[in-house]
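S.K.: Starting from the given sequences, assemble the full structure and let the hints guide the process.
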Amino acid sequence: MSGLRLVGIRKSYGDHPVVKGVDLEVASGEFLVMVGPSGCGKTTLLRVIAGLEAVDSGQVLMSGADVTQVPPRDRDVGMVFQSYALYPHMTVRENLAFGLELRKVPRADVDARVAEAAAMLELTNLLERKPKALSGGQRQRVAMGRVIVRRPRLFLFDEPLSNLDTALRVQMRGELARLHRKLGVTMVYVTHDQVEAMTLATRVAVFDKGVLQQVGPPLELYHRPGNAFVAGFLGSPSMNLFDARREGTALVGAGFRLEAAGDYAGDVKLGLRPQDLTVSADGPFTGEVAAVERLGFDGYVFLETAAGPLTARFDGSLPVEVGQTVRVRPNGDVAHVFSADGARALRHPEAPR
Amino acid sequence: MRWLAVALALSACADAPAARPLKLWHAYRGGEEQAIERAVARFTEETHVAVEVLSVPYDAFSSKLTSAIPHGAGPDVFIFAHERLRQFHRLKVVAPTTQRLERARYLPSTVEALDVDGELYGYPLSLKTLALFVNTALVTDPPETTDQWLSQLEATSDAERARFGLAYAAGDFYLHAPFVFGFGARLFDDAGRASFDTKGMARSLAFVKALQTRGFMPQEVSGALVKSLFNEGRAAMVISGPWFTGEIDPSVRYRITPLPTVSETGLPLTPFLGVEAALVSSRASRPDDAHRLAEFLSRGEATALRVNPGRQIPAELAAYERPEVVGDEAIAAFRRAAERAVPTPNTLEMAKVWEPMKLALRGVLQGEVSPEAAGALAERRYAALNREQPSGRDRPGATSPWPWLVALAGGLVAFAVRQWRRRGPPVPFARRYPEAARGLAYVAPAAVGIAVLIVVPFSVGISLAFFHHEAGDYTFVGLANFVDILTSKGYRVTEPLSFWFTLAVTIAWTFVNVALHLGIGLGLALLLKDPLLKLRAVYRVVLIVPWAVPNYITALMWKGMFHRQFGAINGLLAALGLEPVSWFTHFSTSFAANVITNTWLGFPFMMVVSLGALQSIPQDLYEAAEVDGASKWTQLRRITLPLLKPALLPSVILGCVWTFNMFNIIYLVSGGEPGGATDILVSEAYRWAFQRNEQYGFAAAYSVLIFFVLLGWTRLTRRLTGPEAA
Chain A
1 MSGLRLVGIR KSYGDHPVVK GVDLEVASGE FLVMVGPSGC GKTTLLRVIA
51 GLEAVDSGQV LMSGADVTQV PPRDRDVGMV FQSYALYPHM TVRENLAFGL
101 ELRKVPRADV DARVAEAAAM LELTNLLERK PKALSGGQRQ RVAMGRVIVR
151 RPRLFLFDEP LSNLDTALRV QMRGELARLH RKLGVTMVYV THDQVEAMTL
201 ATRVAVFDKG VLQQVGPPLE LYHRPGNAFV AGFLGSPSMN LFDARREGTA
251 LVGAGFRLEA AGDYAGDVKL GLRPQDLTVS ADGPFTGEVA AVERLGFDGY
301 VFLETAAGPL TARFDGSLPV EVGQTVRVRP NGDVAHVFSA DGARALRHPE
351 APR
Chain B
1 MRWLAVALAL SACADAPAAR PLKLWHAYRG GEEQAIERAV ARFTEETHVA
51 VEVLSVPYDA FSSKLTSAIP HGAGPDVFIF AHERLRQFHR LKVVAPTTQR
101 LERARYLPST VEALDVDGEL YGYPLSLKTL ALFVNTALVT DPPETTDQWL
151 SQLEATSDAE RARFGLAYAA GDFYLHAPFV FGFGARLFDD AGRASFDTKG
201 MARSLAFVKA LQTRGFMPQE VSGALVKSLF NEGRAAMVIS GPWFTGEIDP
251 SVRYRITPLP TVSETGLPLT PFLGVEAALV SSRASRPDDA HRLAEFLSRG
301 EATALRVNPG RQIPAELAAY ERPEVVGDEA IAAFRRAAER AVPTPNTLEM
351 AKVWEPMKLA LRGVLQGEVS PEAAGALAER RYAALNREQP SGRDRPGATS
401 PWPWLVALAG GLVAFAVRQW RRRGPPVPFA RRYPEAARGL AYVAPAAVGI
451 AVLIVVPFSV GISLAFFHHE AGDYTFVGLA NFVDILTSKG YRVTEPLSFW
501 FTLAVTIAWT FVNVALHLGI GLGLALLLKD PLLKLRAVYR VVLIVPWAVP
551 NYITALMWKG MFHRQFGAIN GLLAALGLEP VSWFTHFSTS FAANVITNTW
601 LGFPFMMVVS LGALQSIPQD LYEAAEVDGA SKWTQLRRIT LPLLKPALLP
651 SVILGCVWTF NMFNIIYLVS GGEPGGATDI LVSEAYRWAF QRNEQYGFAA
701 AYSVLIFFVL LGWTRLTRRL TGPEAA
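The listed protein sequences derive, respectively, from chains A and B. Mind the numbering: the first sequence is residues 1 to 353 in my numbering, read in order. Mind the numbering: the second sequence is residues 1 to 726 in my numbering, read in order.
Note that these hints are calculated values from the structure, not bench results. Errors might be hidden in some of the hints.
[What the hints assert, rightly or not] Simulated pairs of lysine to any residue, SDA-like, Cα-Cα distance not exceeding 20 Å:
(1) 132/A to 647/B
(2) 632/B to 87/A
(3) 209/A to 10/A
(4) 104/A to 634/B
(5) 20/A to 74/A
[Unchecked claim] Derived CB-CB ranges, DEER-like:
(6) 193/A to 645/B: 36 to 46 Å
(7) 15/A to 542/B: 27 to 37 Å
(8) 715/B to 71/A: 43 to 53 Å
(9) 130/A to 718/B: 49 to 59 Å
(10) 130/A to 579/B: 50 to 60 Å
(11) 177/A to 523/B: 39 to 49 Å
(12) 15/A to 579/B: 54 to 64 Å
(13) 538/B to 290/A: 55 to 65 Å
[Stated by the list, open to error] Below, a sample of chain A positions facing chain B; criterion: calculated Cβ distance under 8 Å:
(14) 79
(15) 85
(16) 89
Every residue gets a Cβ at the ideal spot worked out from N, C-alpha and C, and that includes glycine.
M.R.: Okay, here's the thing in structure tokens:
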């Protein structure tokens with residue numbers, strides 16, 4: 001009902017194309033997270049959806065209607081800005097009520113909706129304060145409240161948590177997820193933080209260089225990345241990627257030979273998630289330890305191998321030290337294989353159920 | 001300053017003890033300046049007395065003389081018109097010539113002009129008076145009587161073809177004076193007081209008004225218009241002085257004759273006679289040489305030079321026998337005119353006549369006052385301007401400042417004692433402020449600066465407000481000045497001279513200006529803010545230009561543009577087919593002219609402040625508002641303006657204070673016209689101090705009141721901004 005559809009969106013600033021033809025559909029009630037590195041065009045795309053940027057070509061459709069030429073105030077969208085953009089001269093209450101007043105909502109309704117949103121966001125005690133008297137997390141909640149009271153058909157978030165400290169970010173992430181469940185509205189959320197993408201989204205859209213790389217549920221993207229970029233971008237630490245060649249049933253690269261199933265031939269790119277690799281007495285990969293990250297019961301080692309840098313997990317009890325030469329082996333059938341240019345996935349391991 | 005002057009004087013003495021040249025100051029230009037320099041050269045040739053000639057700008061001449069001569073730094077001989085003689089005499093800057101002057105050598109009326117209470121001062125050089133210039137191609141026989149004159153005017157005037165029988169600067173009292181005397185009015189009664197509300201005055205005004213209404217002469221005539229009308233043959237006759245001969249086109253055939261006689265009274269139209277004299281300073285270093293120089297300038301060869309190239313009308317009788325003068329019809333005609341003229345009185349009363357007469361004349365010519373009522377109008381203005389010393393008897397404590405000073409000192413002591421006792425247990429000063437000496441040394445330079453530049457003038461100004469000044473004497477009058485101002489003694493509250501009227505004008509002036517500055521400045525700032533605007537930097541520079549030009553230059557340019565006849569604005573109106581507006585004859589247009597000029601000057605400041613403040617508003621607030629549903633107008637009203645307020649409020653308060661005291665514009669553009677109605681408080685205070693008989697005390701009281709008005713304003717605004725700042 002209140003879905004969103006983008007058709008062939010293109011946008012450039014001067015000679016510099018930022019969004020290069022994006023088609024995307026967001027179903028009603030969905031929480032779509034757009035991720036990508038800085039400059040990938042995700043924020044521009046969000047602003048296009050809000051109506052703050054005009055498109056060079058393409059169409060924005062909401063609930064089936066073309067709103068490409070409709071100004072933001074008539075699109076019935078709400079947006080939480082990265083900087084929060086709270087009106088500094090208004091109290092929290094006035095900030096929350098502003099959008100409703102402009103829409104000529106009756107006074108009593110305004111008060112009721114403000115009170116409701118304030119209660120939901122635990123802002124009730126702060127209503128008479130001005131933004132500069134609030135902490136970062138409180139401001140963030142006011143910015144969200146300002147959207148909530150208006151009950152728009154589409155919520156837009158532009159990196160809303162990026163200015164918060166880690167602990168607060170975790171907490172707010174939880175609240176956002178709760179909010180989405182409670183309100184059940186369509187949300188489009190921009191971030192460069194893959195953790196937010198993985199935890200919040202019903203679907204994730206990964207962008208790079210103005211092009212939509214892949215869209216789908218977070219775990220599908222994690223387990224079945226459509227190309228090497230998506231594979232490398234999602235997951236922490238990043239997936240290890242090596243050039244390799246198909247020789248019989250094995251993949252052969254510089255200094256390694258790995259048995260792998262699948263129906264492909266010639267030069268390929270091999271992808272191995274660090275979580276699927278373990279430091280052990282034997283294994284196909286050998287390298288010198290460049291760095292060690294101990295996280296307690298386990299940790300990651302960063303190796304320099306003949307094929308390039310490699311990250312692998314190790315048992316916390318293992319005495320690994322920088323400068324040592326160790327061997328690494330995969331935990332079963334874990335190889336992702338991409339075409340040599342990384343543009344296509346050729347095989348994925350069976351996802352654990 | 002005085003030490004410097006002494007040092008300079010000493011060094012000058014040391015350099016040339018004996019042969020210090022005589023110093024001669026004058027304010028001549030052009031041919032007249034050449035004439036005086038050649039005459040002085042002849043003097044030095046003959047007597048071997050060196051003379052140093054200095055030309056001083058006319059505007060500053062009088063005040064330079066009166067301040068330099070008493071300190072021994074002035075000239076030995078100077079040339080000045082006789083109208084100021086009494087003032088010079090009173091300030092003791094001129095030496096008498098009663099014993100030295102050979103009266104018989106000069107035209108009697110010119111000697112008469114140099115008389116102050118029975119003593120003569122200076123040597124008459126030349127005279128100035130008014131005569132009738134007649135274009136002989138249009139009028140064959142110059143008129144003898146006004147009846148004859150009127151019929152000639154009737155015959156030569158055709159207002160529809162813009163042809164006039166007569167042109168002269170009718171709004172100037174100097175040119176109207178012949179009519180006043182011709183209709184039998186006296187300007188001064190036996191007690192020496194000016195009188196305006198007389199039958200003769202009314203008849204003279206009615207006569208002149210009729211000249212205008214019957215289309216015999218154009219309206220609002222300026223000197224430049226007289227010149228062009230006469231040279232183009234569109235004015236058959238002109239009333240003017242000797243200086244006009246130099247402005248007439250060589251192709252125009254004309255004659256100069258004395259003004260006609262008034263048929264009703266049988267009296268001639270009698271102009272004022274001005275006499276320029278060589279005056280000897282009372283502090284002349286070598287009085288005999290100085291007198292020789294002054295007399296030399298008034299006689300013989302020097303007179304000849306004065307006639308040619310100076311084109312002046314000589315005062316010396318022998319000059320008229322000289323061959324080059326005998327044939328000069330213009331000079332002969334002015335001599336005849338001078339015989340009928342009366343010397344302009346050199347009394348202090350005379351100086352007080354000009355403003356009331358100008359008011360009456362302009363009122364009548366612009367049709368705002370009837371000729372009969374104009375005299376009373378002038379009378380009232382005269383009385384108001386020339387406040388007599390408030391009498392001390394009926395005002396308690398108004399005879400001596402001492403009781404006041406004692407009370408003030410007592411109050412200060414009481415205050416100090418109270419402060420001292422509130423301090424609690426006494427702590428030795430040295431222990432309380434261990435580094436007092438060093439601290440004082442740091443503070444001293446600034447403290448001295450503030451004391452000399454602010455505290456002293458401020459105290460002098462406030463003290464002055466309790467005195468009445470007349471001709472160099474100050475008398476203590478207590479609060480009389482304030483009482484007179486606040487009760488608008490001598491004129492109605494609704495008259496332009498009233499403090500309350502002027503205050504209302506000032507407040508309206510301030511409000512209208514600041515509103516326009518803010519509106520235009522903010523509007524332009526909003527336009528210039530758009531980063532996509534092409535040539536934005538260029539516009540910004542262009543729009544700041546009015547601010548960068550010194551404001552008096554801008555004021556003078558606008559004054560020129562508002563000119564009734566030659567101004568660009570009326571030119572524009574005419575090009576659009578609209579009636580030209582005479583900007584300074586009505587309050588509303590005159591006020592508008594001032595406001596337009598000051599707005600031109602004032603908006604860039606507000607624009608710069610607004611622009612700076614606008615750029616500090618984050619762009620995403622507008623995006624948030626846009627998403628929230630705000631139109632551009634709502635964004636301006638609900639986001640921009642509230643966020644600009646903290647930055648703009650101080651500028652607005654400051655702008656109010658500046659505009660409240662914007663002397664330059666008022667003084668230079670409208671000059672208070674019409675009749676002082678557009679004067680604001682500061683310009684009014686200036687007039688009381690420097691244009692109305694030097695009533696310094698009264699002017700100081702005005703200034704003190706201005707100070708209190710602005711003090712009140714700042715208190716009020718502080719209250720307005722107080723909660724905002726918190």
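S.K.: Is the hint on residue 89/A kept, meaning its closest Cβ partner in chain B is under 8 Å away?
M.R.: holds, 4 Å
S.K.: Under the criterion that the straight-line Cα-Cα distance not exceed 20 Å, is the pair residue 209/A, residue 10/A satisfied?
M.R.: Measuring from Cα to Cα gives roughly 12 Å; hence the hint holds.
S.K.: Using the C-beta atoms of residue 538/B and residue 290/A, is the stated range 55 to 65 Å upheld?
M.R.: Distance hint for residue 538/B, residue 290/A holds at roughly 58 Å.
S.K.: Please check whether residue 85/A passes as an interface residue: C-beta within 8 Å of a C-beta belonging to chain B.
M.R.: Where the cut-off is 8 Å and the nearest Cβ of chain B is about 4 Å from residue 85/A, the hint holds.
S.K.: Tell me if the straight-line CA distance from residue 104/A to residue 634/B falls inside 20 Å.
M.R.: Holds, at roughly 13 Å.
S.K.: Would the pair residue 20/A and residue 74/A pass a check requiring their Cα atoms to be no farther apart than 20 Å?
M.R.: violated, 26 Å
S.K.: If you check the beta carbons of residue 177/A and residue 523/B, does the distance land in 39 to 49 Å?
M.R.: The hinted range 39 to 49 Å holds for residue 177/A and residue 523/B, with Cβ atoms some 48 Å apart.
S.K.: Next pair to validate is residue 132/A with residue 647/B; report whether the Cα-Cα distance is within 20 Å.
M.R.: holds, 18 Å
S.K.: Look at the Cβ atoms of residue 715/B and residue 71/A and judge whether their distance stays inside 43 to 53 Å.
M.R.: holds, 46 Å
S.K.: Using 8 Å as the Cβ threshold, decide whether residue 79/A counts as touching chain B.
M.R.: Holds: closest Cβ of chain B sits about 5 Å from residue 79/A, inside 8 Å.
S.K.: So does residue 130/A sit 50 to 60 Å from residue 579/B, Cβ to Cβ?
M.R.: Between residue 130/A and residue 579/B, where Cβ atoms are some 57 Å apart, the hint holds.
S.K.: Okay, residue 193/A versus residue 645/B on CB: inside 36 to 46 Å?
M.R.: holds, 38 Å
In this structure, the earlier hints numbered 5, 9 are contradicted, and the remaining ones agree with it.
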